[in-house]
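Student: We have chain A already, so just place chain B on it with the hints.
Here is how the chains run, residue by residue.
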Amino acid sequence: MENNKGISRRQFLEGLAVSTSGIALGLPSLSEGAVTPIYAKLVDTQKCIGCKRCMSACKRWNKLKIDRAEDLTDRETELTGNTWVVVNLKSDAKNREDLTYIHWACQHCEKPACAGACPVSAIKKYPEGPVVIDEKKCIGCKYCIMSCPYNVPQFDSKNRITRKCTMCYDRVLRRIAPACVAACPVGALDFGPKKEILKKAKDRTEQINGYLLGEHEAGGTNMLTILKTKPEDLGLIVAAKEIINKDLDKARISFSGFSGAATAVAMLYLYSIFGKGE
Amino acid sequence: MERIFQEINRSPYFSIWISLLVALIALGAYGVLLSLFVGMDVFKFHHALPWTIKISTYIFFVGSCTGISMITSLGHIFGVKRFEIIGKRAALLALITVNVGMVSILLHLGHPERSYYFFLTPNIRSAIWGMSQFYTVAIPFIIVELWFLMRSDMARIANNSTGYKQLIYSLAVLGQRDTSHESVERDHKWAMRAAVIALVFELAAFSTLGTIFGHTQAKAYWYGTYFPLFFLLTAAYSGIAWLIGIIIVTYHFQKKDMANELKKLIFEMANIFAVLLSVSLLFILYKVSVGLFDPNQSGAIMLMLKGNFSLSFWAFEITLGTLIPIALILYSLKRQWLWGLVAASVMALIGLFLTRYDFLITGQAFPYFRYSSLDTVLPTLVESLVVGGIFGAFFLVYTLAVKFLPIDEKTH
Numbered sequence: 023m024e025n026n027k028g029i030s031r032r033q034f035l036e037g038l039a040v041s042t043s044g045i046a047l048g049l050p051s052l053s054e055g056a057v058t059p060i061y062a063k064l065v066d067t068q069k070c071i072g073c074k075r076c077m078s079a080c081k082r083w084n085k086l087k088i089d090r091a092e093d094l095t096d097r098e099t100e101l102t103g104n105t106w107v108v109v110n111l112k113s114d115a116k117n118r119e120d121l122t123y124i125h126w127a128c129q130h131c132e133k134p135a136c137a138g139a140c141p142v143s144a145i146k147k148y149p150e151g152p153v154v155i156d157e158k159k160c161i162g163c164k165y166c167i168m169s170c171p172y173n174v175p176q177f178d179s180k181n182r183i184t185r186k187c188t189m190c191y192d193r194v195l196r197r198i199a200p201a202c203v204a205a206c207p208v209g210a211l212d213f214g215p216k217k218e219i220l221k222k223a224k225d226r227t228e229q230i231n232g233y234l235l236g237e238h239e240a241g242g243t244n245m246l247t248i249l250k251t252k253p254e255d256l257g258l259i260v261a262a263k264e265i266i267n268k269d270l271d272k273a274r275i276s277f278s279g280f281s282g283a284a285t286a287v288a289m290l291y292l293y294s295i296f297g298k299g300e
Numbered sequence: 002m003e004r005i006f007q008e009i010n011r012s013p014y015f016s017i018w019i020s021l022l023v024a025l026i027a028l029g030a031y032g033v034l035l036s037l038f039v040g041m042d043v044f045k046f047h048h049a050l051p052w053t054i055k056i057s058t059y060i061f062f063v064g065s066c067t068g069i070s071m072i073t074s075l076g077h078i079f080g081v082k083r084f085e086i087i088g089k090r091a092a093l094l095a096l097i098t099v100n101v102g103m104v105s106i107l108l109h110l111g112h113p114e115r116s117y118y119f120f121l122t123p124n125i126r127s128a129i130w131g132m133s134q135f136y137t138v139a140i141p142f143i144i145v146e147l148w149f150l151m152r153s154d155m156a157r158i159a160n161n162s163t164g165y166k167q168l169i170y171s172l173a174v175l176g177q178r179d180t181s182h183e184s185v186e187r188d189h190k191w192a193m194r195a196a197v198i199a200l201v202f203e204l205a206a207f208s209t210l211g212t213i214f215g216h217t218q219a220k221a222y223w224y225g226t227y228f229p230l231f232f233l234l235t236a237a238y239s240g241i242a243w244l245i246g247i248i249i250v251t252y253h254f255q256k257k258d259m260a261n262e263l264k265k266l267i268f269e270m271a272n273i274f275a276v277l278l279s280v281s282l283l284f285i286l287y288k289v290s291v292g293l294f295d296p297n298q299s300g301a302i303m304l305m306l307k308g309n310f311s312l313s314f315w316a317f318e319i320t321l322g323t324l325i326p327i328a329l330i331l332y333s334l335k336r337q338w339l340w341g342l343v344a345a346s347v348m349a350l351i352g353l354f355l356t357r358y359d360f361l362i363t364g365q366a367f368p369y370f371r372y373s374s375l376d377t378v379l380p381t382l383v384e385s386l387v388v389g390g391i392f393g394a395f396f397l398v399y400t401l402a403v404k405f406l407p408i409d410e411k412t413h
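From first to last, the protein sequence lines are chains A and B. Basically our numbering = 1-based index in the first sequence + 22. Basically our numbering = 1-based index in the second sequence + 1.
If we strip away everything but chain A, and leave its shape as in the complex, we get (with noise of 0.2 Å):
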């Protein structure tokens, strides 16, 4: 861990009382380097038990509304604007006996589409890694929806607004972990540094001969999720790994569109100068 040179005395008073705080968490402090950490979740599928104290914890922290019978069943969950992790029991296609608690949330994309397509700026990507939903601006179009490749955004119909995983920025902003991380009883869910969580990732999916999924999928996430088999094996969505760079392809969508209006133009030019009316 590198100290800056020449840091002021502030900054060390600062560092020394974040740190101490952030190394009894185990997460690295903003002292450390003049960098800003960038943080990841891990989901080891194989280690679920499938209690969903996860998703009981997201709702207590980010006090969610209960919307349905939050009974503790394998029967298929959806995300909802109140529900914000789900954990459903999802069977091999290739063998239909062999079972697997998948837990779902945002995956927290490096390069969000739902942030690129919001009209608002609305919604963030933060430096540490989470891309969250500001609910105060939100006009509910519902574009990041459209934008999402894993259907994550949902829309909140009593607040009329759309909402997801904030990955509790507010929690990892205080270098604690993510509720729903903190709640799990058996270490399937673990959170520290990206550079940390995708060595132990890879090591562990390489031990159990699997796929991490959100190492390339939509460009790189900040959520990966260890799995036994390929997701689409699972019934999970597969984003397309290449994210054609964004802003260069939408120029291009976009310059085809004004393109064919200059056409349109050109073609009533002519047809008021060759149009008979006859």
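Everything labelled a hint here was simulated from the structure, so no lab data went into it. Computed from a prediction, not measured in an experiment: that's the story for all the values here. The beta-carbon is built from N, C-alpha and C at its ideal position, and this holds for glycine as well. There is no bait here: all hints are sound.
To be clear about the criterion: a stretch of chain A counts as covered by chain B if any three or more of its residues have a C-beta under 8 Å from a C-beta of chain B, and this derived list gives those stretches:
| # | stretch |
| --- | --- |
| 1 | 155–164 |
| 2 | 286–296 |
Straight-line distance between alpha carbons at most 20 Å, and here's what the computed EDC-like set of lysine to aspartate or glutamate pairs gives:
| # | chain 1 | residue 1 | chain 2 | residue 2 |
| --- | --- | --- | --- | --- |
| 3 | B | 45 | A | 100 |
| 4 | A | 263 | B | 295 |
| 5 | A | 147 | A | 269 |
| 6 | B | 404 | B | 154 |
| 7 | A | 147 | A | 132 |
| 8 | A | 87 | B | 42 |
| 9 | A | 180 | B | 42 |
| 10 | A | 69 | A | 218 |
| 11 | A | 87 | A | 100 |
| 12 | A | 87 | A | 157 |
| 13 | A | 147 | A | 237 |
| 14 | A | 180 | B | 114 |
| 15 | B | 82 | B | 410 |
| 16 | A | 159 | B | 114 |
| 17 | A | 216 | A | 132 |
| 18 | A | 87 | A | 98 |
| 19 | A | 133 | A | 156 |
| 20 | A | 180 | A | 100 |
| 21 | B | 82 | B | 183 |
| 22 | A | 158 | B | 114 |
Tutor: Chain B in isolation, oriented as in the chain A frame:
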């Protein structure tokens, strides 16, 4: 108001028409109130399909506005004199359609009152932001264009009236009651300038509306350059359909004789209509062919060819919306039959309305529904009432506008 009551006394059809429209609007308002007090769940038919019929209604109406402006630009902008005669009615229709479309999209938003964030914290990479800015410029210029086109006629009415009527029309012309030839020429010049700006921004807005869908890499059926271009094409023929249908029906119910030059213009527009419908058929064929071989799009295509949307696609989009109108137009052109053109226009518009809806739902359905089933494809009853109210508002505003505004075609 007095004029409306006179009309009601004179014609029972008018009173039935107005009553029907008011009833539609009332039911629509009921739907909106339900969504405010009960929650927007009343519009939801599946949580994975958040964009529903209000979005497709919006696209339908604003596309019609763009199409109308494209056709009438031949008169005001490109100087084709024979198109000038429908300029006022077209500008009025363009204004009504775009505003009705805006009502539809505002009712879709969860918090339309937060729209000021479009200006405070804009995201210029968002196609929705771009579209909103273009329409913000286009709509005032459509109003300006319409005002300049009607100013001299409203001034004439003000000059020949007394009392409240004179006051209202004087206010409408902002005190500009000059009806000299020079003032009319000046009005036409300013109308043309406003029309140019309105057309440029309308085209930019509607092509950007297409790119809203074109930008979504997550929805393979929508992604790419196809829909921005297809939208513009269908907008053009929807504009012609509205103009032909509205003009003929209005003249019929107003019991006015249609001048020969107007009839000739309608048949000319019908020619263009048939060509554009044929081209749209080629576009659909292209999309279906390419989509069937793309595993990411084939699901959506199959929904339309064989799945839940097959009836809507084959019966309405292809047959009723394209093939029958082409045949009817060709027949009507040969027989110089105006009502055939009305029927073709109505069918094409119904087909297009359903095309917009089918495109919206099938595009959202995949990849989500690859692993699930699409039980129903119909919007909720409440949302249907709201859309009915929107259509009611469109026709009511048009009906009242033709009563009070001097938009009749002036032919030689």
